[in-house]
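Now for the letters of each chain:
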Amino acid sequence: MVKKIRVLVAKPGLDGHDRGAKIVARALRDAGMEVIYTGLHQTADQIVNTAIQEDVDVVGLSLLSGAHMTLFIDVALLLKEMKMDDVLIIGGGIIPQEDVPGLKKAGIAEVFGPGTPVEDIVSYIKKNVKR
Amino acid sequence: MVEKEIIKRIREKRADWEKQKYFKAIQENPERKQKFKNLSDIEIKNLYTPEDIADLEYLKDIGFPGDTPFLRGVHPNLYRGRLWTMRQFAGFGSAEETNKRYHYLLNHGETGLSVAFDYPTLYGYDTDHALARGEFGKCGVAISSLRDMELLFHGIPLDKITTSMTINGPAAIVWAMYIANAENQRISKDRIGGTIQNDILKEYIAQKSYIFPPEPSMRLIVDTFEYGFKNVPKWNTISISGYHIREAGSTAVQELAFTLGDGIEYVKAAMKRGLLIDDFAPRLSFFFNAHNDFFEEIAKYRAARKIWAQEMKKLGAKKPRSLWMRFHTQTGGCSLTAQQPEINIVRVTLQALAAVLGGTQSLHTNSMDEALALPSEKAVRIALRTQQVIAEESGVTDTVDPLGGSYYVEWLTSKMVEETYKYFDKVERLGGVIPAIEKGFFQREIA
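Chains as they are written, first to last, in my numbering: chain A, 1 to 131; chain B, 1 to 447.
By construction, these hints were calculated from the structure, which means they are not laboratory data.
Source: prediction; values computed, not measured.
Check each hint, because a few of them may be wrong.
[What the hints assert, rightly or not] Pairs of lysine-lysine residues, derived as DSSO-like cross-links and limited to a Cα-Cα distance of at most 30 Å, are as follows:
{"#": "1", "chain 1": "B", "residue 1": "Lys8", "chain 2": "B", "residue 2": "Lys35"}
{"#": "2", "chain 1": "B", "residue 1": "Lys422", "chain 2": "A", "residue 2": "Lys22"}
{"#": "3", "chain 1": "B", "residue 1": "Lys272", "chain 2": "B", "residue 2": "Lys313"}
{"#": "4", "chain 1": "B", "residue 1": "Lys439", "chain 2": "A", "residue 2": "Lys22"}
{"#": "5", "chain 1": "A", "residue 1": "Lys22", "chain 2": "B", "residue 2": "Lys37"}
{"#": "6", "chain 1": "A", "residue 1": "Lys22", "chain 2": "B", "residue 2": "Lys208"}
{"#": "7", "chain 1": "A", "residue 1": "Lys22", "chain 2": "B", "residue 2": "Lys426"}
Go ahead and model the full structure; you've got the sequences and the hints to work with.
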């Protein structure tokens, strides 16, 4: 049997806009993945701990407050520090185009903005998951 | 509203019309959909006639603006007297940066202020708190101290401009800072006007920026009611909000029912404390969304006024002012698209027009670039100008409640009242608003 892809959908920071995260979580589940959703108001530490405990293949970060340049990068650095380099990190939310190169450099593999068809996220994960 | 005999004739004539004219027409031009439904899943008929509102008695059920049941408006002369307050929600970065934006907006004809606070402020954290990491000045302005509050309102006459503050968990404290800042400028508490959102129930239902559990939060809110009517009589001590409920995925009917349900819950909590309803109810205010379905939105505001007046009466209110459902409107953020953002100007115009035809007391029009980022100066200026065009050029402000008497609008208004009471019953059966929140009822309904 093929092992299912395990995804952690996480909401770092203080904003409560979780509609996008929930829609993505549901779409990934419907695509046959195992999805763990962190709930709101997570610190980078909490997210990385959950990623380790749940032994996930993918961490999907969702944020609308605008704190992504700090908080997405915090999560990426911490995952690296914990030797979780084989985890695919992706992000979404209201992320201005000019921030995307910086995020990619920090280890966020792809950023999905407003209006992205969920199928794009599904196929991106299937194609790029590292283990 | 029309004599029985006439209704009978209209019914017969309508049946004829369906058979002879309508049938023929749809054979030539088949209908675009099998069923036409609005966003609340209410089926819309091909035509409305006096028959559809035959049960309504004009004097009892619709009435005059400024009189019970207030369906047509809380003010007898509405915009013929004073236009709505043009109040753009704004805040970003430091207090100084946001202060500049406020002066910019006022210089372009805005008539009231509305403060967006950043997330740490919304949770009562100072900017240097560990959990505030990365959040400073994003999504709103950072206010950690009285000094920040002074900078935010520098050069703005607090006795002339009213300010709405979107603050909930720490509402009492942020309001205290606003009052202290006014007093430091020798403007006494009874001369300032504005609104604190202070609505914790919708935070649990939808927006999720809460600090304390529901019960102690309710205590703080009742404290602000009491302090307000005794000391700051021109201040709206709460803005009971459907906006966030709608943005989180509700229908128009759910927005209406859950918001008014929350309002009734606050009134009951204050009365349980021993406050007199006619002391605090005149300072309760509301906040609704203006979404895409034009007539549904208009019907929603009209229905809200009627239900609120009815319910306040049932709870013992005697002063007419206690029956007034006064509200702010913001156009629907989640209806905007990141693609072709210019089209958002058109959406916002229609939504804003619905709010005006629904009799809003104040209005925020979204900027076209809000699906992408915080609004630029140009985008916010267009948004403000949109309101000014509706106010000054369209003519819709010349008469009160111009859609009153439309068979469709009156039918839909009455239908939304009916649907709202069904939700009130459901919540009652769950034991009230707070038990329903704890059981996840609202959250499931809107998910």
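How the hints compare with the structure:
no.	hint	verdict
1	Lys8(B) to Lys35(B)	holds, 26 Å
2	Lys422(B) to Lys22(A)	holds, 28 Å
3	Lys272(B) to Lys313(B)	holds, 17 Å
4	Lys439(B) to Lys22(A)	holds, 19 Å
5	Lys22(A) to Lys37(B)	holds, 26 Å
6	Lys22(A) to Lys208(B)	holds, 14 Å
7	Lys22(A) to Lys426(B)	holds, 26 Å
Violated hints for the displayed structure: none, as all numbered hints are satisfied.
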